[in-house]
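Visitor: First to last, the protein sequences are chains A and B. So the first sequence is numbered by the numbering used here: it starts at 320 and just counts up by one. So the second sequence is numbered by the numbering used here: it starts at 3 and just counts up by one.
Hints were generated in silico from the structure; no laboratory data involved. Glycine included, every Cβ here is placed at the ideal spot set by N, Cα and C. Treat the hints with care, since some could be wrong.
[What the hints assert, rightly or not] Pairwise CB distance ranges (calculated):
#	chain 1	residue 1	chain 2	residue 2	range
1	A	Y366	B	R122	20 to 28 Å
2	B	L127	A	L439	26 to 34 Å
3	A	L439	B	D71	28 to 36 Å
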Amino acid sequence: MIGLVRALGILTLDRLRSLGNATIMWVTALAGLPRRGDMALLARQIYNIGVLSLVIIVLSAFSIGAVIALQFYTQLARFGAEDAVGLGLALVLLRELGPVVTALLFAGRAGSAITAEIGLMKSTEQLSSMEMMGVDPLHRIVAPRLWAGFLCMPLLTAIFNVVAIYGGSVVAVQWLGSDPGGFWSGMQDTVELWDDVGKGMIKTLVFAMVVTWIAVFQGYDTEPTAEGIGLATTRTVVTSSVAVLAIDFILTLGMYGDFK
Amino acid sequence: MSEDNYIEIRDLHFSRGQRKIFDGLSMDIPRGRITGIMGPSGTGKTTLLRIIGGQVRPDAGQVLVAGHDVCRLSRDELFELRKNMGMLFQSSALFTDLSVYENVAFPLRVHTHLPEDTIRDLVLLKLNAVGLRGARDLFPAELSGGMARRVALARAIALDPALLMYDEPFTGQDPISMGVLVTLIKNLNLSLRTTNLVVSHDIHETSSIADKLYIISDGKVIGEGAPAELRRNSSAWVQQFMHGSPDGPVPFHYPADDLVYDVIGDGGR
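This is chain B alone, in the form it adopts within the complex:
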């Protein structure tokens, strides 16, 4: 495994029932950088994060995270490795029975033996980083979607992980929250030098912060490189995706019979 890469995926195969999600996918995620993984909905972007986190086992292929093959780790080794990973879920996934403060303190309480004073300082610093120090006593039900995602981000960075994974961080956010999240992700990367993996289909936001982009479709990588390079890429797939065209190699219509035939039927029955 190259020193420059934090994650290396080789020839990944994964199917769900009859449907092939990944068909020989390979990618390198550089250490200390922001890498964006983009692709149309349903291409298995979230599944890819779950495979990297060891929650889903692929059918074949190798996934190396910090030199460990996650598919071959025992349950205990996997849980140990995950202490070095932070993940921001699309739904935020905050613990609804705990306050904002306790949510952020949770990983610290479980994985460290720090005294309460230190935990308090750390939690307040993390909450301050996402601008929600004042919201520490609120419960998840009292937060807006954008605030919940920022609390989840504070919780994900509580243990200063080496790898941060974001699952659709911009989806469903108002423009202000979206701007805040983009800045936060960029700043966290700059200050902590964390390896960041952003899975998203928001082209503009992701390209504005990513050092490297991967576009996946039909279980394969169809384009990779720096955002500027990808915009110049000659592939029709990449062009369609980068410019958000409704029709192209990725068809607008789900496979169906001819419209005229479908509407009028066989001879206007």
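Next comes chain A alone, as it looks inside the complex:
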């Protein structure tokens, strides 16, 4: 019994220490950037993290938008309410699917890459050698990735939303023959700048922070072995995905509130 309590205590302390380390790393890294001269590092990470994620974001967005429009259309057509497809699609995407799916895809595509890259740098002593050269890896390696993630994810979400709505319009308007006027004006009338677009962006900013933080920390904290890097990469994707879904629920509850 005492052994169990002890093991539980050690595990809890371990997790708390890990969280403390992650927070110190995050604050130290963010405090350093962006300065002049670091822009090249930042631009390179924006390319790696943001631009290279575009393909998967665009493809997924188009297909998700198309599928939602298809589902909405078949259900709404039974009540003769095909015109509502546009507004339903926009609300679902802006409030929920845009930020959440982008964050999940981002964790799988960019988060895992960040963890593996930093983990490998650690295991080949590149981070150590940087430190010994008087260059802080938190500033040089970690900070640009954190900032790039923070800047890219909202943009990727915006692109996701636009492409998904376009995908939906292709299905509903061009293929199934829904009235384009109804499709677009329904959307225009219902979507609120703050309530739908703004709050969706707040979600995406929070997700950006959480996912890049997890990815960078897992890489930085990895056991410097092949197995350690594999585990850290898996942990990045799993932890980020669960965290995004849990935080999404809390944010939705907090921002769209009053459900009674």
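Following the hints, position chain B against chain A.
Guide: Below, chain B alone, put in the same frame as chain A:
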């Protein structure tokens, strides 16, 4: 701190988990000389370099580098001090996404505001010193182990540091690369008057270039002095190490039960 010493270590204690790595270790590293630190694998030689570089904090003791107590320096002061240190890692630790040229240019670009022309000249001179000026456009993945270590050496001396630390520079090198590295370390010391600290267990190579040797085992210094003095040292520990005898005070066998008992078990179960 004595003027003659670049590094002074006093009563250093460090443990990893239950295992004591250093137990009251003290040593003086003379300025402008080559000092070898030798000892069996796992005695904490690499850890010692990391403590000197401030990457690992000891449990107790004092480590003075150029008059600064590295254990008490702030993060910024430590990074400032490290600009005066060069370290050659066992794995070379080159940046894999940068070419040989850019690897050597890295410390210059980060720490100086030199114009590109000057950086180019310096990088080519450093690469020339290690015989790899022609390999400037290669990437680390295209280099052999020996070449990678020479590039890492060129990078370590890019800022002309006052202290150069080598972590097992001869391990895993073919005889030619090993000879090249020995000559390079000696020549660099002669031409730049850098304080050199070579951590190694290659007795022959290290004794051929070192002015002073330390042998550590079980967290303590068990022998020190010039290589010739150490060879004459009467301690059984030092003799075993200097002559590479498989058995002696440092046992060949990891602690275990009696072999007969272990194999046959209790009564041939």
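Visitor: Hint by hint, say whether it matches the structure.
Guide: Evaluated hints:
In this structure, A:Y366 and B:R122 meet the distance hint of 20 to 28 Å, their C-beta atoms being roughly 26 Å apart. A hinted range of 26 to 34 Å for the beta carbons of B:L127 and A:L439 is consistent with their spacing of about 31 Å. For A:L439 and B:D71, the hinted distance range of 28 to 36 Å is satisfied, since their beta carbons lie about 34 Å from each other.
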